[in-house]
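Q: Protein chains in written order, with the numbering used here: chain A, 1 to 216; chain B, 1 to 216.
Among these hints, one or two may not hold up.
Identical copies carry no separate label here, and so any pair may be met within one copy or between two of them.
Computed cross-link-like contacts, DSS-like style, restricted to lysine-lysine with a CA-CA straight-line distance of at most 25 Å [as the list claims (entries may be wrong)]:
(1) Lys-208 <-> Lys-111
(2) Lys-130 <-> Lys-204
(3) Lys-170 <-> Lys-21
(4) Lys-204 <-> Lys-111
(5) Lys-98 <-> Lys-111
(6) Lys-113 <-> Lys-27
(7) Lys-27 <-> Lys-130
(8) Lys-21 <-> Lys-130
(9) Lys-111 <-> Lys-20
(10) Lys-204 <-> Lys-170
(11) Lys-98 <-> Lys-170
(12) Lys-20 <-> Lys-130
(13) Lys-98 <-> Lys-208
Keep in mind the hints are simulated off the structure, nothing from the lab. It should be emphasised that the depicted structure is a prediction, and the values quoted were computed from it without experimental measurement.
2 protein chains.
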Amino acid sequence: MQPISPATLLDALNWRYATKKFDPARKLSAETWATLEQALILSPSSFGLQPWKFLVITDPAVKARLVPISWGQTQPADCSHMLVLAVKQGLGADHVEKFLDRQVEVRGGSKEKLSGYRDMMLGSLAGAAKAGTLDAWQANQIYIALGQFMAAAAMIGVDTCPMEGIDRAKYDEVLGLDGTDFATVVACPVGYRAVDDKYATAPKVRFKAADVVEHI
Amino acid sequence: MQPISPATLLDALNWRYATKKFDPARKLSAETWATLEQALILSPSSFGLQPWKFLVITDPAVKARLVPISWGQTQPADCSHMLVLAVKQGLGADHVEKFLDRQVEVRGGSKEKLSGYRDMMLGSLAGAAKAGTLDAWQANQIYIALGQFMAAAAMIGVDTCPMEGIDRAKYDEVLGLDGTDFATVVACPVGYRAVDDKYATAPKVRFKAADVVEHI
């Protein structure tokens with residue numbers, strides 16, 4: 001692995017902004033999207049359980065249907081790839097088994113030897129379910145993926161815009177998630193900024209380091 | 001901004017893993033930590049409100065106190081920099097004013113012209129408070145920062161380990177957050193992997209793309 005320079009990293013993170021206006025004529029190449037899809041798949045998650053589904057919408061008709069259920073914001077229609085991150089709700093034993101099966105497939109070994117690991121995960125999930133925090137905990141993992149995704153996109157020169165102000169229930173309906181274990185959490189249009197998006201060059205507003213960082 | 005290649009990006013994201021064993025002898029240089037601190041500060045957040053505090057612990061005595069309240073995991077002691085991400089609870093008008101003050105400071109203009117923007121943010125925060133989702137919503141922003149941070153660290157060859165299984169109330173106590181608006185959400189030891197951490201070379205277990213990605 002060849003690390004990049006601090007300057008290259010910070011240039012990209014400073015270049016990133018919540019893109020208000022995408023250039024509808026510019027689409028990501030298949031290779032570029034494939035790279036970002038890998039960045040999603042490689043995201044860290046609690047226990048590595050990957051409690052998610054990533055919906056990638058390029059069908060113009062479906063993208064257009066997302067605009068009115070996104071407070072009329074036009075990014076879902078104008079972007080190249082509309083990403084919607086959904087969480088698996090009620091995470092439980094079936095998912096853990098699927099994960100352990102995959103672990104044996106990738107790493108070899110036997111599932112029997114993973115029984116302590118299984119019990120630990122099931123105990124944590126059951127404890128969270130009992131406390132009423134299970135779905136919120138898993139939704140947090142979605143935001144890790146979103147954070148990694150937006151940083152990754154910026155690194156390769158692709159624009160994004162996190163969108164929380166969406167009608168999640170209607171997204172579920174449009175995207176066929178109704179009646180499944182998955183629920184929309186957050187959306188992220190992906191593409192290239194329009195040349196006339198004035199927000200692209202506005203200085204980033206960040207509190208001073210002394211106001212948000214404490215050294216102990 | 002000079003984008004990096006897809007291969008460089010994916011090499012780094014594949015190199016990253018939840019580091020189980022840090023090399024206690026290897027510390028981040030001041031420049032490297034400063035870079036990662038900037039990556040935290042530059043994180044996206046809802047409305048850009050940055051509802052967070054980043055605690056960076058390098059004092060060995062404090063780091064050692066975190067081990068027993070982290071299920072005995074030794075990463076807090078062995079890492080170079082122990083990062084704890086805390087959320088500002090009950091986010092409201094005072095924070096919005098502080099943010100708008102900062103916006104005027106950075107971008108110029110007058111605060112009067114931002115009254116529509118202020119009202120929109122206050123309305124959203126009040127609505128969430130009424131629905132009982134305010135703190136959870138802001139905590140989600142912490143995970144965006146965590147996701148960006150871990151990806152950024154990997155890009156420059158620094159190891160991390162997200163830690164959710166910690167005693168948050170005791171962290172608040174040790175870190176002096178009791179009685180403040182801030183509460184511990186998640187921790188992330190930062191440093192360099194020990195050469196004998198066997199998890200470093202274990203193949204990453206990820207579901208197949210077809211199981212987690214849906215194209216529409």
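Q: I'd like to know which numbered hints this structure contradicts. Please list them from smallest to largest.
A: 2, 6, 7, 8, 10, 11, 12
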